[in-house]
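S.K.: Here are the chains, one letter per residue:
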Amino acid sequence: MKREIPLIITFVAGVAFVLQYFIPHYPFNRFNDIFSDWFAIVGAFAIWLGALSLIKLCLLNISKKSHDWPISLLMIISFLSIVIAGAIDGFHGLNTVPTTSFRDPGTNFDWLYQNIYTPLSSTMFAILAFFVASASYRAFRARNTAATLLLLSAFFVMIGRVPLGDYLSGWLPERMQFSQWANWLMAFPNTAGQRAVMIGIALGTVSTSLRIILGIERSHLEG
Amino acid sequence: MKKYQYWLILVALIIILVIVPKPLEISPTASVIVTILLGLALIWVLVLTIRGHLIGRRVVFLFIGASLALPFFMNFEMPFKISPEVKTLYDALAKLPPGSKVLAAFDYDPPSAPELQPQADAFMAYAFKHDLKVIIMGLWPQGPQQADMAVAKALRQPEIRAKNLRYGVDYVNLGFQSGNEFVIQRMGTSFSGMFPRDIYNTDYNKIPILNGVENFSNIDFVFNLSSGYPGTVEWVQIAVDRYGVKLGAGNTAVQAPSVYPYLSSRRLTGLAGGMSGAWQFELATQEPGKASTYVLPQTFSHTVVIAFIIIGNAALIVGYRRSKRGEA
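Those protein sequence lines, which keep their order, are chains A and B. For the record, in the first sequence the residue sitting at position 44 is 44 according to my numbering, with numbers rising by one throughout. For the record, in the second sequence the residue sitting at position 161 is 1161 according to my numbering, with numbers rising by one throughout.
So that you can see chain A by itself, here it is in the shape it has in the complex (with noise of 0.2 angstroms):
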């Protein structure tokens, strides 16, 4: 029965999500509603499975004093800080008229959101722009037909997309000016791309799905 429910419980979930997009009418479109509201609560408490999953597992590295373990206490004292910050500031906002919320200008919650989370982790997304620019002077090289295209693609949608581009060819036509060959870029070659790595993943999926609504696949049971 272990492995019976769950495979019940899947197949009854993917064919009436399969019916109620093809017959929008009682009771099929209810089960829209009813199968989102429940994937709304099962998502909710992945959360707070996600965050208690990661906590057990900081407090393993901690306690075995494992490699990096300063790290992992960190990350329980932030995790702890912001929780207690915000239900401090929610339950605080709930007994005052008006109401407020913990997220407002002004709460501790918001003061670390502004000054510690904020600042953290846009740090460490724009680092990326000094690896992404040595990654470019290593890998857009010209060695083959694939690659010259590649990095030919790379220098007219990265020129075209900054002012510098129609400024150094404003003397050209209008459709002739970087700009433009960066539209077109995008406009065409990248669609036609996009659009055959989608049709390919869509085909993925429903075969994909297929096999997991039938039981065929069950994988996703193990482990």
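Derived from the structure by calculation, the hints contain no laboratory data. Computed from a predicted structure; not experimentally measured. One thing to keep in mind: the hints can contain errors.
[Stated by the list, open to error] Far from chain A by the CB rule (all over 10 angstroms, computed), these chain B residues: (1) Lys1129; (2) Val1169; (3) Thr1299.
[As the list claims (entries may be wrong)] From the structure, some residues in chain B lie toward chain A, with a derived Cβ separation under 8 angstroms: (4) Ile1064; (5) Leu1070; (6) Phe1072; (7) Phe1073; (8) Asn1075; (9) Met1078; (10) Asp1148; (11) Ala1152; (12) Leu1155; (13) Gln1157; (14) Ile1160; (15) Asn1180; (16) Phe1308.
For glycine and all other residues, C-beta sits at the position ideal for the given N, C-alpha and C.
Once you have looked at the hints, place chain B on chain A.
M.R.: Structure of chain B alone, referenced to chain A:
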């Protein structure tokens, strides 16, 4: 260069950024001189490479750092051209009559804020100035907080403050809801099913702006700011395809190419992609903000990356010639 020299340059740059009073703007002449010096330094690197002295990645990092930091103090007039996808996005917004209900979905977090927050700021200011009713939500937990920042910034503008806009009447923040695309799907039949209360715990039915808003059929336009999953792709696949919603989007530069197929099929009304899209959107809505400042560093950094691609290819050619000579 030795390792300590890189550290010295880095420390000098930090001191310049921290100590120099802001806003500091160097004159156009000085800006041109700094640009020429940067260009000469790049030519020097190219000459070194042709001579066979390959540069390390620290040099690349140094140039990128300088090209991102220095333009913040420069003064250049930038030629601008609004791309067709940004123009259609603006046109769709401009066609909305006062009082139209616009759903603003904030599906991003702070790492994407440099590209998307300027779009959020411009959109919010434009919407408030043109009396659009804004309903905010987020499929990402941080989204509604980013929206609050955009609302607060817009409300600081004297013209908007004079309108005396009221929360719940002119705009509302429904907050975050878990469930990814299933949230969109459920909203197709019932908004209140997914958002029974707003962020202030007020009952959905007691919020004036939401009177008569049952599902997407009561929404005039959806503006989605997205940096990944769930985001614009899910909004197109469910809200547009299934419920016929009119959707415009602002995306990060990384994500934008993946939604271009929806532009040509007119599933997506318009798109502001990346920093340049944000800058063009600011210009179109006449709400100049941070993107107008950030676009100059982006221009410089793109130029430096292109220069290093040329240098990299010079190194390739030099290496190829040497190996040929060695064979001979």
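S.K.: Please go over all the hints and tell whether each is borne out by the structure.
M.R.: Verification of the hints:
1. Remark: the non-interface label on lysine 1129/B is consistent with the geometry, its nearest Cβ contact in chain A lying 22 angstroms away (cut-off 10 angstroms).
2. With a cut of 10 angstroms on Cβ distances, valine 1169/B stays outside the contact zone with chain A, its closest approach being about 13 angstroms.
3. For threonine 1299/B, the non-interface assignment is contradicted: its Cβ lies about 4 angstroms from the closest Cβ of chain A, within the 10 angstroms cut-off.
4. Checking isoleucine 1064/B against chain A by beta carbon gives a least distance of about 5 angstroms; that is within 8 angstroms, so the hint holds.
5. A cut of 8 angstroms between beta carbons decides the hint on leucine 1070/B: the least distance to chain A is about 14 angstroms, and the hint is violated.
6. Hint status for phenylalanine 1072/B: violated, given a least beta-carbon distance of 14 angstroms to chain A, over 8 angstroms.
7. For phenylalanine 1073/B, the interface hint is violated, since its Cβ never comes within 8 angstroms of a Cβ in chain A; the closest pair sits about 18 angstroms apart.
8. Against a cut-off of 8 angstroms between C-beta atoms, the interface hint on asparagine 1075/B is violated, since the closest Cβ of chain A lies about 14 angstroms away.
9. The beta carbon of methionine 1078/B is positioned within 8 angstroms of a beta carbon in chain A (closest approach about 4 angstroms), and the interface hint is therefore held.
10. Interface hint status for aspartate 1148/B: upheld, as the beta-carbon distance to the closest one in chain A is roughly 6 angstroms, under 8 angstroms.
11. Nearest Cβ of chain A to the Cβ of alanine 1152/B: about 6 angstroms, under the 8 angstroms cut. The hint holds.
12. With a least beta-carbon distance of about 11 angstroms to chain A, the hint placing leucine 1155/B at the interface is violated under the 8 angstroms criterion.
13. Checking glutamine 1157/B against chain A by beta carbon gives a least distance of about 16 angstroms; that is not within 8 angstroms, so the hint is violated.
14. At about 16 angstroms, the closest approach between the beta carbon of isoleucine 1160/B and any beta carbon in chain A exceeds 8 angstroms, and the interface hint on this residue is violated.
15. At about 7 angstroms, the closest approach between the beta carbon of asparagine 1180/B and any beta carbon in chain A falls short of 8 angstroms, and the interface hint on this residue holds.
16. Satisfaction of the interface hint for phenylalanine 1308/B is found here, the shortest Cβ-Cβ separation to chain A being roughly 4 angstroms, below the 8 angstroms cut-off.
When the structure is compared with the earlier hints, violations turn up for hints 3, 5, 6, 7, 8, 12, 13, 14 and for no others.
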